[in-house]
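S.K.: Per this note's numbering, the very first residue in the sequence shown carries number 720; after that it's consecutive.
None of these hints come from the bench; they were simulated from the model.
Keep in mind that the hints are not guaranteed to be accurate.
Ranges of calculated distance between the beta carbons of each label pair, as one might list FRET restraints [claimed, not checked]: (1) 1298 with 1411: 32 to 38 angstroms; (2) 1362 with 932: 44 to 50 angstroms; (3) 1167 with 1527: 52 to 58 angstroms.
The list that follows gives simulated cross-link-like pairs (lysine to any residue, SDA-like), each with its CA atoms no further than 25 angstroms apart [said to hold, decoys possible]: (4) 748 with 764; (5) 1296 with 1272; (6) 1296 with 1265; (7) 748 with 733; (8) 748 with 1068; (9) 748 with 1515; (10) 1296 with 1458; (11) 1296 with 1457; (12) 1296 with 1264.
For each residue, glycine too, the CB sits at the ideal point set by N, CA and C.
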Amino acid sequence: MSSTRGASNRLAGWRVALRLARREALRRKAQTALMLVLIVLPVLAVSAAVVVWRTQDVSGVEGLDRRLGAAQALVTPERSGPVAQHFDPQVALSWGGLEGQVRAGSAEIGAVLGAERPMIPIRQHTLLFETDEGIAELETLETALADPLAEGLVRLTEGRLPTRQGEVVVNAALVERGPGIGETLTLLNRSADGEERRVADIVGIAEHAAYRDYPVAAGLPEAFGPYSEDAAPQWLVGGAPVDWAAVQALNEIGAFALSRAVLSDPPPSSALPPEVEVMVDGGPDEATITVLGLIIVMVLIEVVLLAGPAFAVRAKAQAHTLALVAATGGTPAQARRTVLASGVVVGIVGGVLGAVGGIGVGALAVPLAQRMQRTWFGPFEVPWPLLAVVAGFGFLSAFLAAVVPAVSASRQDVVAVLAGRRGEGRPSARSPLLGVVLIGLGVAGSLLGVADGGASPLLVGGSAILAVLGMVLLVPVAVAAVARVATRWPLPLRFAARDAARHRTRTVPAVAAVGATVAGVIALGIGIGSMESADEQAYRPQLAMGYGAVAVATVDAEAEGVDVAAIRGVLEAEAGKGSVTEVTGVVTDGGDDEGDAGGWRELTFTTGGEDVGFSSWGTLGSAYLVGAEVPEGIGLSPAERTLAEERLAAGEVVVLRTADFVGPDDFAEMTVEVTFYDGAGESRPLRSLDVATSVLDPDSGTAAVAALLPQAVVDELELSTATSGLITRPGLSDEAVEDLNERLQTMPGVGYLYVERGYQTDASVRIVQLVLAILGGVLMLGGTLTATFLALSDARPDLATMAAVGARPRTRRAVAAGYALVVGAVGAVLGTPIGFIPGVAISKPLTRDGTGATLLEVPWLLITVVVVGLPLLTAAAVGLAARSRLPLVARID
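Can you build the whole structure from these sequences, using the hints too?
M.R.: Structure (structure tokens):
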């Protein structure tokens, strides 16, 4: 009975506290708005990101309409024995025996699924088409587009669907490069038998369900044929749902099947065939989970600390009321409940407003994000369960942010508060010791979390929490230390430092929020920067920076109609006269001395009984260049080119030691053996020659070819040579390269033009880096500005007294700027070393290569901007925005 009465009393106490918190929120509207902003902004940002993510994610069930249209299944017959597959055949496949097998047709499929089912053929291929500049690739789709089973594969935006052979619809991406509606599309199908041309009338513009900026043409069955026997169609199947048993029956006749029913309601994983189950990816790796976990932890800590100062000021504003309650018999629990109720009210309202606002911001962001992706997003989707979690995250942040002010409010000196005295006691001597211990545990936990070549998300995330909490415990000591050393500073800075130390309940969360932001930005900056450095280090350029290369056919060049002069003319028309260099290479494909027209030659190298190996492929059509002059652009510096030409003039073979090189460190002679392989793979030695050799280590670490051969050596080995490629000098834009490739594809025997741009950061990584920089800057600025203006609001009596005794208006601006500088600088200095703890830890799994080696890249520029630039910027912004005049306020000390 007593326990029931106690629970009822506590519930009634919470009702009173929540009612008081609601009234206090309405009475102090400006302060409440600021508290809401601190909660709403993170919730809004995360909600918008979740909406965009779920809208663009069309994998699995949501992507079925793009792959199936309105059909129940897509069946892909193979010339194979019984096969095995995952529920989604794109995930994992296993073929049976291939010899002597016959591909299943519509009759066999109908025999398994039921002959009464509607079924239409569908084919997708890659062909070439004539553009305004030349020739480019396109994706083709042919099926009965008007059939109900094909509904959803394309979306007609202009014109009509094809009704007969010779008519097609194309997407907007194709129209940008070639013909449009009402014009003729010329298609080319190149094979070993030659080139086949086909024309079709464009009767409509239709967007493909998946491809957004890649050219697509769609027509009726056989619109882009004829096809070989191996190019059998797939089949869209309608009727009743196709269950897993039916899919397995299709597997027995050598056909894979994508079933709408199976993917919508998949069987247990135990139903998968054993040979397929072992192929299934286990999901995100531990490194990815570690990084995501670290982000979530740091954001939660940041929001809690960011909102802490606002609740501290709210608690201080209620201090007199709470003191009266205590003086008349109120308990500490009631005081805590009153302050925590503010967190509950602000958390509920802020979580709901942030989630709802995130939907709107997400709707605005989806078109912008769509421009950055080549495939179409799905329909706009609002993931209500996830948004509820995000809103709950906001509520939890507000509640946790109110905990420390609530505890402080329950322990305040009632007499001092009623007398109007302000200020706080000396910081605890035990707190910094505990902080150092927690930081030490954070360091140890981070190291253990990435030990033994793995990554423990729980351990790394928990270590980050310990390190940040340790930093928070050090903040009061750091603020007090700054106040003590500020005795000789100018008045504004001295006042700001001492006021910050005197009101630690308000200052500590603000400094800690800045420190946590800095720690998170630096941790993720180190992790992402290290990963990018590792990827850049592993990148192997194929040419010198900015140079371009195109390979040309060297076997039966005359029969193929290869016109090197014409190719050069096309390149020089865009790159400029004299900017293209032809290079001569060894021809390794083609017949042998005995008239065998098929096969190829292989060059092998040995020295002192040890093999010398390097890549047998080159960007210039041959791995072995021939001649006395070394062309520009292959990766050698001018001094290295001069040295190589001297060695070639002396009759030596110049071997370029690049990443693919395998052999002794240095040698002066090697044996070159030429072996011929016929069409059946049978080998026959042709010639062998001992040659003088020089080994050259390019400063760039890479080269477009493996070796440079003098003409005399080539003649002795009786090797054929030809113009194998052309090099263009720097200066071609990406648009020019695209145009040139389309023009080059109209010419026989020529490859694609490749221009070396160096390592290119992935677009997704650039987005993450940009978001990281913006989010870190906004949070740091927001935390500092919020704490500063709360402090200025709290310090109005002091500032008014300063004005009364003769302080100039600009002094208040200087004090405001000084407070922002103190909060920002102390937080940045404390947060920087804390950021290194998880940053160094996550860099290890992100950069670990096959040998176990890792790489650490410290973003010093980012650290300088965060530690020096942002505090100064914040101080300047506060100084300009602060009010310079205040009414005089009475105070009691």
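S.K.: So, for every hint listed, does it hold in this structure?
M.R.: Hint-by-hint comparison with the structure:
For residue 1298 paired with residue 1411, a C-beta distance near 34 angstroms keeps the hint of 32 to 38 angstroms intact. About 46 angstroms separates the C-beta atoms of residue 1362 and residue 932, a value consistent with the hinted range of 44 to 50 angstroms. Roughly 57 angstroms separates the CB atoms of residue 1167 and residue 1527, a value that falls within the hinted 52 to 58 angstroms. For the hint linking residue 748 to residue 764, the alpha-carbon distance of about 23 angstroms falls within 25 angstroms, and the restraint holds.
Taking the CA atoms of residue 1296 and residue 1272, the gap is near 23 angstroms; set against the 25 angstroms cutoff, the hint holds. Restraint check for residue 1296 and residue 1265: the C-alpha separation of about 17 angstroms stays at or below 25 angstroms, so the hint holds. With a C-alpha separation of about 22 angstroms, the suggested pair residue 748 and residue 733 falls inside the 25 angstroms cut-off, and the hint holds. A C-alpha spacing of about 14 angstroms is found between residue 748 and residue 1068, which places the hinted pair at or below 25 angstroms, so the restraint holds.
Restraint check for residue 748 and residue 1515: satisfied, since their Cα atoms lie roughly 18 angstroms apart, inside the 25 angstroms limit. At roughly 18 angstroms between alpha-carbon atoms, residue 1296 and residue 1458 fall within 25 angstroms of each other, so this suggested pair holds. With a C-alpha separation of about 19 angstroms, the suggested pair residue 1296 and residue 1457 falls inside the 25 angstroms cut-off, and the hint holds. Between the alpha carbons of residue 1296 and residue 1264 the distance comes to roughly 20 angstroms, so the proposed pair stays at or under 25 angstroms and holds.
In terms of the numbered hints stated before, the structure departs from none.
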